[in-house]
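> Each chain is listed here by its residues.
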Amino acid sequence: MTISTSMTLSSPHSSSNSLSFKRFLVLLLAGGILLSVAYALVHLYAMGEYAIAIVTLILGLSSAYLLYDQAATGWRFIYPAMVLVFLLMLFPIVYSVTIAFTNYSSKNLLTYERTVSYLLEQTYAEKAERLRFSLHAVGEQHQLFLKDKHGNQFATAPFNLPDKPKDDELAQLMELPLQATSESPPNEALKMRDVIKVRSALKQLRLTREGEAPLSMLGMREFLPLLPQYEVASDTNLPLPDRSTDLLLDKQSNRYLQANYDTGFFAYLDEKGDFTDDIVTPGFVTQVGFANFLDVFGMAEERWALLKITLWTISFAFLTVLMQFSLGMLLASILNWHRIKGQRILRTLLIVPFAVPGFISIMIFRAMFNTDFGEVNALLEYLFGVKLDWYYNPWLAKLQVLLVNLWLGFPYFMLLCMGMLKSIPEDLYEAANMDGAGTWYKLRYITLPMIIKPIVPLLILSFTFNFNNFNVIFLLTAGGPMMENVSAQIGDTQLLIHYIYGLVKGHTLGYEAYGLGSALSAYLFLFIASISLWQFWLTREKTKSREAVEV
Amino acid sequence: MAMVEGKKSNIKVWLAYLFLAVFITGLIYPLLAMVSVSLRPGNLLNGPLIPETISFEHWRLVFGIAQTEQEQAVFDKFPVLLWTWNSVKIALATSTITLLFASMAAYAFARIKFFGSKWLLMALLIIGLFPAFSGMVAIRIMVEKLGYYVPALGFDTHGALILLYVGSVLGEVWLIKGYIESLDPALEEAATMDGANRWQILRYIIIPLSVPILVVNFVLSFAGAFGEFILASLMLTTESKYTLALGMQSFLYQPYGQMWGDFAATAIFAALPITTVFLIGQKWLISGLTSGSVKG
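If you're matching them up, the sequences are chains A and B in order. The first sequence runs 1 to 551 under the UniProt record's numbering. The second sequence runs 1 to 296 under the UniProt record's numbering.
Below, computed lysine to any residue pairings styled on SDA-like, alpha-carbon distance capped at 25 Å: (1) B:K283 with A:S326; (2) B:K12 with A:E430; (3) A:K422 with B:F19; (4) A:K398 with B:A33; (5) A:K387 with B:Q258; (6) A:K197 with A:M174; (7) B:K12 with A:A437; (8) B:K118 with A:P454; (9) B:K241 with B:Y253; (10) B:K145 with A:Q287.
Pairwise CB distance ranges (calculated): (11) A:M434 with B:L18: 25 to 35 Å; (12) A:K341 with B:T276: 18 to 28 Å; (13) B:L272 with A:K341: 24 to 34 Å; (14) B:G42 with A:G48: 51 to 61 Å; (15) B:L92 with A:E426: 39 to 49 Å; (16) B:F56 with A:Y50: 52 to 62 Å; (17) B:F56 with A:L307: 44 to 54 Å; (18) A:F384 with B:Q254: 30 to 40 Å; (19) A:K341 with B:I50: 21 to 31 Å; (20) A:Y50 with B:M122: 27 to 37 Å; (21) B:T276 with A:L526: 39 to 49 Å; (22) B:I65 with A:Y124: 56 to 66 Å.
I should point out that these hints are in silico values taken from the structure, not numbers from a laboratory. The beta carbon of each residue, even a glycine, is placed where N, CA and C say it ideally should be.
Could you put the whole structure together from the sequences, leaning on the hints where they help?
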C-alpha cells in the first residue's frame, strides 16, 4: 500500500489507462451505493421508518455524488466528519424538535395500529362462566378437576407444576388441554394451605378447551374463561359525531370506546356520543401541535418551580463565570508579578484541579461535604463550632455546587489570563507607576480594557457551557434537595438540562415524558443558539477591528 | 523598573506567598484526604489524615487480588480492572477515529477552497455548542433503531457509545485547522508541483508536520471519553459493560452504606495516569485547551 502510493508520488505521469479504470471502479461503487439505498428505502418506507429513510436517502445521494464529481475534493475530505456531526448532533436536535410536537411518553408509547392490536389482544375473566376446581396429588405430579355450574366435570392429565420464574423474568404461561370426564378424582383434594403453596405456579396455567375460551385461575377456588375484552364495532345506536377513527366495544361493560386523537387515548363514550374522561391505557402517539410548548409553562404549581429552576440556572451560570474569572484573574496577577519566584511550580500546583478528571473530583467533593463525616464540616466545627447541612438546606446546597464548580473551573481562566496579561506592554504600567497610580487604578484603566475584548467571547462560551453543566449537579447533589409543596419531583439545585433529564427519565413526573422534555429542549436550543450567534458576532467584530489595525 | 520598592512592598510579597500557600493547601487537601482514605482500613470517611494503620484492602480490590473467598465474592461485584479495560478500549477507539476524520476535515477547511466552506464552519461552531446529550430522547430512539439493523451498535453496547463519542469530532476540527493554517504552505506547493495529489499531501506532509497538535488532540479526546459519564449512563445497563466512570458510582449507592475506601482507591487509580500525563505535558496540552474556543 505504502509502496504503491509512493510510486505514484514519484511518477506523476501514470498512464491514463489505469486512471480511467480507477474511475470506472469509482463509478461502479457509486452506482452500487445508489442501488442499495433504493433497496433500503423501499424496505424502510414499508416499515414506516420515515425519519431513517430520509437520513439514508441524504447519506446515499451525497456519498454517491461525491464519488461521481471529481471536482468536489474539499467535500470528500470533510465528508466523514460531516456525516458524524450530521448524524450525531444535528439530526438528534431536529428529531427532538419533531418529537416535541407529539405526545410521545411512556403513557403514549405505541403507534395507533399497535395500540389497537394490543387492545384487541386483551382479555377479561368472565365471572358468569366460572368453574370450581380441586387439585389432586398424583405421585410427584398434580392433576386438576373442574366443575362448571351445570355439573359437567373436566380434568387435566397429571402434569408437573411449571418452574417459578426468576426475578427478572416474566412468568411463562403453560398450556394444558382440558377434557370432559365422568371419572371421579383419584384421591382427596389437596387442602387449601397446600393449594396456596403452589398458587403462583397455578397462576401460570392456561387450561385450553376445544372451541371455547381458555381458562385461568382467579382467587383460590376457581378457574374462569378469558374472553376478548374489546372487539371492533361497526355500528352503534349512539348519535356519533362524525369521527373517522375505529370504534371499539368493551364486551365486559358493554360500552363503546373511540380513539381521541387530541389526547392519544381510547376513551369511553357517553350517551350523546361524546368522549368521557374514562380512558384506556396504553395510549398512542399523536400530533399535539404546540400543546407541549404551552404545557411547559402551564403545569399549574410547577410553573413556579420551573421559573425557580430557570432563575437558578441563569444565576448559576453567571455566578460561576464571575467567580471563576475573578479568582483566575487574581491568581494570574499574583503569578505574573515579577517578585513572585517559582512561578512554574506554583502554576503546576494551581492547575491540579484542571488535570484531575472532573467526574472524580466532583465525587471526592461529595465526600468532603458529607454532613456527618466530611472534612468541610469537621473544619467548620473546629473553627466555629457549627455543622452545616450541605445537602438538605437549599441555599447551602446551591453554595456547595458553586464552590465545587469554582474549584473545577478557575484554572482555565487563570491560564487564559496569564497569557493575556503577558501580552500587555510593560511600559503602560511603568508610565502609570511614574504617575503614582495605585493597583486598583492600574487594574481598572490598563489591565481590564486591554483584555476585555479577547476575554468576552470566552466568558460567554463559559456561560453557555455552565448553563448546561450537567455533571457537577448530577454527581454532587443529584439536583436535590427536593422542593417541598410541589407534586412533581423537582430539586432546588436542578439546572434546566437536569430537569429535562428528569422529565425524560421519568423521575420528575412519574412517567417518561419524551414530548414535554423535547419541547423544553427546543427552548434550550433556541436560547443557546441565540447566545452563540451573539458570541460569534462579537468575535467577528473583534477580528475585523484587528484586521483594520493591521492594515 | 526604576521604582524603589521598600519594606511595604516586601510585606506584600510575603502576604502573596502566604495567600498562595493557604490556597494551594486547601486546593490539594481533598486529594490528599482521598489518598489517606484509600489506605485506611474499613470503608469509613472520617479519620486521621495520616493513617494509624495502613491497609491495602482497597487497593487489592482495585487489582482484584482477593485473599479469602468471602473477599473474592465482594471483589467480583466491583470488577475495577474490567471497567478500566472497557474505558480504555472505548476511549482509544474514540480518539483514533475522531483524530483520523478530524485531521482530514481540518486539512480541507484550512487549505482547500470549496463551495460553502465558510458557512459550514460557522454552522459547525454553533452546533458544537450544544451539549452532546441535549437530544437524548432522539439519541435513545436512534440507537435502539440502529441496533435493530446493526446489533453491534445497538442499545447497551460499547459500539453505540463509541459512535456517540465520535460526534465530538467537531472541537478537534477547529484545533487542528488552526494549527495547519500556521504551517508554511511552501512545502505543499512544492509537492503539488511534483504532481502529488491532495491525499498524498495530507499523508506525507501535513500529518508528519502536525504531530504535536495531533498528540494533544489524542490525549484530550482520550481523557474526554475516559471521563464521560452521562451518555454512558444512558446507554449502558449491563454491569460488566460499565465504563470506570459509571462503575465507580456503584461504590456510593450500596444498600449497606457508601464504600468510601474502595471508592478512594479506585478514584486514585483512575485519575493518576491522566493527571500525570496532563501535568507533564501541560505546556502543550494547555495551549491546545486554551487556544481552541470549543471546550468540553
